Amino acid sequence: MSIETFYRDSWAEVELSAIDFNIKQLKEILHEETDVYAVVKANAYGHGDVQVAQQALESGASGLAVSLLDEALKLREAGIDAPILVMGWTRPEDAKLAAEQDIAVTVFQQEWFAKVKTSALSKPLKLHMKWDTGMGRIGIRSTDEMDEILSYIKEDSRFVLEAVFTHFAMADDEDLTHQSQQEQRFHELFSHFERVWPENVEIHTGNSAASMRFPERMKHFVRFGISMYGLYPSSIVKEERPIDLKPAFSLQSQLIHVKKIDANESISYGATYKTAEPEWIGTVPLGYADGWIRKLQGMEVLAGGKRHPIVGRICMDQFMIQLDDEYPIGTKVTLIGKQGDSEVTVDEVADYLETINYEIPCMISYRVPRMFMRGGQMVEVDNPL
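Sequential numbering of the sequence shown, starting at 1, is according to UniProt numbering.
What the hints contain is simulated information worked out from the structure, not anything from laboratory work.
These numbers come from a predicted model, not from an experiment.
Check the hints yourself; a few may be wrong.
[Unchecked claim] FRET-style restraints, in silico, Cβ to Cβ:
id, residue 1, residue 2, range
1, Arg185, Glu343, 52 to 60 Å
2, Met316, Asp70, 55 to 63 Å
3, Lys246, Ile293, 23 to 31 Å
4, Gln377, Thr331, 16 to 24 Å
5, Gln377, Asn264, 43 to 51 Å
6, Glu77, Leu176, 36 to 44 Å
7, Val196, Lys246, 42 to 50 Å
8, Cys362, Ala114, 31 to 39 Å
9, Arg91, Glu32, 32 to 40 Å
Note that the Cβ used here is the ideal one computed from N, Cα and C, for glycine as well.
Using the sequences and the accompanying hints, generate a full structural model.
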């Protein structure tokens, strides 16, 4: 597999050794008996789900977590037989398929059980019950709801309750008041659960932030998401630096055209940029259809180891940069990543867009091929995209 295989001059590089490093860094601070589930939803946060999942399992993850049944089925079709949890809503009519594929689903509604009970489940269906302790998204919020759901599970041997879990909304914040409230609510619900449910189940509450900041509180396993990819979930956690992380994602392109423009000439749609003096302008073959959105006009990228600003509006498939000199066609342009002593980080791009780092690799579209690396060298992997 090579860059030329994809017939274009823009690509993302995913460093699998960074995934390996980040998982092992987390495992160093967790209890020995605490397992790691690698969160590979949303195409592994834009990195490549099958390849990241395979690397995560090789690096010590015990299972995988996704958001959608479609994502779980893709992993199964790729030959991955590790435990997989769908953390979002699964339609009742699809429960049979989940059971057949040995995929655990998240449950939190008695109406859901009423519909699934009428289906012909051919195999046991693994369940993780979600408790809403303060996220306000999905999950039960009372012991009455818990009892209703448990009654359905008790009545039907096809249902197997594997785990109970919650999700923390502010584990990455400086003010941990809400975090403490959520932990207290979870303990209250679990106290009731222990009284009414005789069997042992797994517990998982930790996302990346909670897992890194409070490893001593983590139970049977944690869900390692954003930080598995080398990104801290907030500036607070980044400052605390509970573990070292290595970013796995970089975004690359090349100059396909370089020209000298006279003074007072406009660049791109709307003529939003005009040259103040004669300038060297380079064209980069990547645009908003690739996820490099128009709001990134003015952002700096790297060429020749130096920073160069994006000038004019970003087009669907191309954008232009102001160069400090004439550069040859084919000069590497780094949008995210390092060149020599210079670097543009995912966090820098997120700050420029006034968003969070999670969003940046996720928004790089399917048109941008992912190149999988190990130790800076390209590796041969099956690419299902």
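Hints, verified against the model:
Range check, arginine 185 to glutamate 343: Cβ separation about 41 Å, and the 52 to 60 Å hint is violated. Range check, methionine 316 to aspartate 70: about 27 Å between beta-carbon atoms, so the 55 to 63 Å window is missed. Hint check: lysine 246 to isoleucine 293, Cβ distance near 26 Å, so the stated range 23 to 31 Å holds. Between glutamine 377 and threonine 331 the CB atoms are about 22 Å apart, so this pair conforms to the stated range of 16 to 24 Å.
Evaluation of the 43 to 51 Å hint for glutamine 377 and asparagine 264 yields a pass: the beta carbon distance comes to about 47 Å. For glutamate 77 paired with leucine 176, a C-beta distance near 41 Å keeps the hint of 36 to 44 Å intact. Taken as a hint, the range 42 to 50 Å holds for the pair valine 196 and lysine 246, whose Cβ atoms sit roughly 45 Å apart. In this structure, cysteine 362 and alanine 114 meet the distance hint of 31 to 39 Å, their C-beta atoms being roughly 35 Å apart.
Taking the beta carbon of each, arginine 91 and glutamate 32 are about 38 Å apart, inside 32 to 40 Å as hinted.
Hint compliance for this structure: hints 1 and 2 are broken, all remaining hints hold.
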